[in-house]
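Residue-level listing of the chains:
Number of protein chains: 2
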Amino acid sequence: MRSLLPVYLEISSEPSINNKMNRITIFSPATVANISCGFDVLGCCLDGIGDYMTILKTAEKGVRITKITGMDLPLETEKNVAGVASLALLNDLKSPVDFGFEIEIVKKIKPGSGIGSSAASAAGAVFAINQLLSKPFNEFELIDFAREGERLACGFPITDNVAPALLGGFTLVKHDEPQKVLKLPVLKDLFVVILHPQIEIRTSEARAILPKQVDLELAVKQWANVGSFVHALHTQDVELFAASLQDYIVEPFRSKLIPGFDEVKQTALKQGALGSGISGSGPSIFSFCKGIQSAENVKDSIEKLYRSKNIPFQIYISKINPEGIQIVESN
Amino acid sequence: MRSLLPVYLEISSEPSINNKMNRITIFSPATVANISCGFDVLGCCLDGIGDYMTILKTAEKGVRITKITGMDLPLETEKNVAGVASLALLNDLKSPVDFGFEIEIVKKIKPGSGIGSSAASAAGAVFAINQLLSKPFNEFELIDFAREGERLACGFPITDNVAPALLGGFTLVKHDEPQKVLKLPVLKDLFVVILHPQIEIRTSEARAILPKQVDLELAVKQWANVGSFVHALHTQDVELFAASLQDYIVEPFRSKLIPGFDEVKQTALKQGALGSGISGSGPSIFSFCKGIQSAENVKDSIEKLYRSKNIPFQIYISKINPEGIQIVESN
Numbered sequence: 001m002r003s004l005l006p007v008y009l010e011i012s013s014e015p016s017i018n019n020k021m022n023r024i025t026i027f028s029p030a031t032v033a034n035i036s037c038g039f040d041v042l043g044c045c046l047d048g049i050g051d052y053m054t055i056l057k058t059a060e061k062g063v064r065i066t067k068i069t070g071m072d073l074p075l076e077t078e079k080n081v082a083g084v085a086s087l088a089l090l091n092d093l094k095s096p097v098d099f100g101f102e103i104e105i106v107k108k109i110k111p112g113s114g115i116g117s118s119a120a121s122a123a124g125a126v127f128a129i130n131q132l133l134s135k136p137f138n139e140f141e142l143i144d145f146a147r148e149g150e151r152l153a154c155g156f157p158i159t160d161n162v163a164p165a166l167l168g169g170f171t172l173v174k175h176d177e178p179q180k181v182l183k184l185p186v187l188k189d190l191f192v193v194i195l196h197p198q199i200e201i202r203t204s205e206a207r208a209i210l211p212k213q214v215d216l217e218l219a220v221k222q223w224a225n226v227g228s229f230v231h232a233l234h235t236q237d238v239e240l241f242a243a244s245l246q247d248y249i250v251e252p253f254r255s256k257l258i259p260g261f262d263e264v265k266q267t268a269l270k271q272g273a274l275g276s277g278i279s280g281s282g283p284s285i286f287s288f289c290k291g292i293q294s295a296e297n298v299k300d301s302i303e304k305l306y307r308s309k310n311i312p313f314q315i316y317i318s319k320i321n322p323e324g325i326q327i328v329e330s331n
Numbered sequence: 001m002r003s004l005l006p007v008y009l010e011i012s013s014e015p016s017i018n019n020k021m022n023r024i025t026i027f028s029p030a031t032v033a034n035i036s037c038g039f040d041v042l043g044c045c046l047d048g049i050g051d052y053m054t055i056l057k058t059a060e061k062g063v064r065i066t067k068i069t070g071m072d073l074p075l076e077t078e079k080n081v082a083g084v085a086s087l088a089l090l091n092d093l094k095s096p097v098d099f100g101f102e103i104e105i106v107k108k109i110k111p112g113s114g115i116g117s118s119a120a121s122a123a124g125a126v127f128a129i130n131q132l133l134s135k136p137f138n139e140f141e142l143i144d145f146a147r148e149g150e151r152l153a154c155g156f157p158i159t160d161n162v163a164p165a166l167l168g169g170f171t172l173v174k175h176d177e178p179q180k181v182l183k184l185p186v187l188k189d190l191f192v193v194i195l196h197p198q199i200e201i202r203t204s205e206a207r208a209i210l211p212k213q214v215d216l217e218l219a220v221k222q223w224a225n226v227g228s229f230v231h232a233l234h235t236q237d238v239e240l241f242a243a244s245l246q247d248y249i250v251e252p253f254r255s256k257l258i259p260g261f262d263e264v265k266q267t268a269l270k271q272g273a274l275g276s277g278i279s280g281s282g283p284s285i286f287s288f289c290k291g292i293q294s295a296e297n298v299k300d301s302i303e304k305l306y307r308s309k310n311i312p313f314q315i316y317i318s319k320i321n322p323e324g325i326q327i328v329e330s331n
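Heads up: the sequence lines are chains A and B, in that order.
Residues in the first sequence are numbered consecutively from 1, following the numbering used here.
Residues in the second sequence are numbered consecutively from 1, following the numbering used here.
No false leads were mixed into what you were given.
If several chains are the same, the list does not tell them apart, and a pair holds so long as it fits within one copy or across any two.
Straight-line C-alpha distance at most 20 Å; calculated PhoX-like pairs for lysine-lysine:
1. Lys212 - Lys256
2. Lys221 - Lys180
3. Lys221 - Lys183
4. Lys108 - Lys67
5. Lys290 - Lys319
6. Lys110 - Lys79
7. Lys304 - Lys270
The set of hints was computed from the structure by calculation and includes no laboratory data.
Chain A extracted, bound-state conformation (with noise of 0.2 Å):
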């Protein structure tokens, strides 16, 4: 990433950059949507999982990726879900500025991990932009734009990863006419395993296999546990928690895609998993658990079990990131 020293340098001197700082590198973290029972509503925000991006200010106008490593995406900013977003910010300045930025990207989230690859990518360009502008934007405001991003990447604003990334911790988004993101307390000492089956599940076919209509029945036990959840956060109960996680409207269907996916949750479970479902729309599999020891005892055992699958994968464990999108370095 010192390859864009010269380049701050170089501009620092422009009498038209009146901000102090020029250059900023943060880690955009990976995120998990559509925790069990809140669907397309409660997302949390990981740690250890996620992106490097360094975006610094340039003489030149305009948005320009200059690079990319670690993955294969595309560099023209209006097909990159970065630029997009980046562009989107900029469009809404009261100010037009008289400056323009380059974004360098070291990218680990794969991809349709189900973890919130492009929602890192589109929450890290926007998150960084607004620093260097001596933050014009609230957080919220950001996540609008970063969902600019996500509508580049699948074809709708989707909030569900850009919010946590952005927010941090749990979040739950309100569906309504104006949409409002609220953050939702983080439970001590939790953590997150999350394996990631290197399969590749398309977004468009997870959304065709879901139903259009649900039985009431089984929606209002779903929206019972959104409630017990954001309680059990509140509460810092551990146990409610826990057994708020279920999903009967999703996980269902979607769980048909993923290999091993009832395996993989029995054996978490077993092992003392608070709760197991599927990642987004998958294929990745996060499971809650309390406390160091048991992630680990958990991610031992579907280790264990996913190597019988032949089946590529990969197995983290993460801590709740409670603050979001992190500045590793500014000048």
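Given chain A's structure and the hints, the job is docking chain B onto it.
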């Protein structure tokens, strides 16, 4: 109610009755179930609207309903919700008692009003008997006994009204097996205006009008609001509380059964109510208000509007009752 006193005096010298309390008079409050987004899940307890019940120990075993004033309801124990709930409690005692109970009810909540008339009787009876037995059961166990009264009243052991009657404040019923009831925080300075149009809506009709299936898209909006409702109570966020009081699923169907529902709701909202909806399965309409002045304004406006309808009605203002059933007198 003093008519019961001689019986008490007579039996107080019986050596078999070894608990100190022999007679209790309670206030058993009305309740609102199916609060907007929380169909079958969210309820709250009212104050100032409710029944009075006096229960005393008798030498004769069993449960007898000796007097009901205010409403025409069956006195036979097995046909009365208070009787049935009391028997459920007594049948669950580890050691049967060698005395009995007489129940006298001053019924103020009209059956079929949608504000938990049967629940008040059932919950009140088990609360009072539990007190007379020196509290062998906790509130959550009492809910289970009271539900048996609801089974008699409406065919299902519904929890939605007996839970807030016994726990007070706001409650959430989690419908997994085993069912669990949560007590939620109360929003400060919250009042409820209850309009009771004196028409009859059969519970069976109110149930039959609901679709068996609902749009997934609407269900998602609904469960987001259940989550945000709970969050609003925990964070004392009045604005969010108001914004969460949306019902995409049930109200569009059931409101058709209540003459002038839409007008009442619009009037209440225009006058500053935080939200309005159908209490239970109707016909009562609740309106939450912040502060007594707002509640008075809302009440006056609804009253004025409803006078033009040529339908007899009652209208009350109530605080949220944080405690549930209250002991008026005991000895």
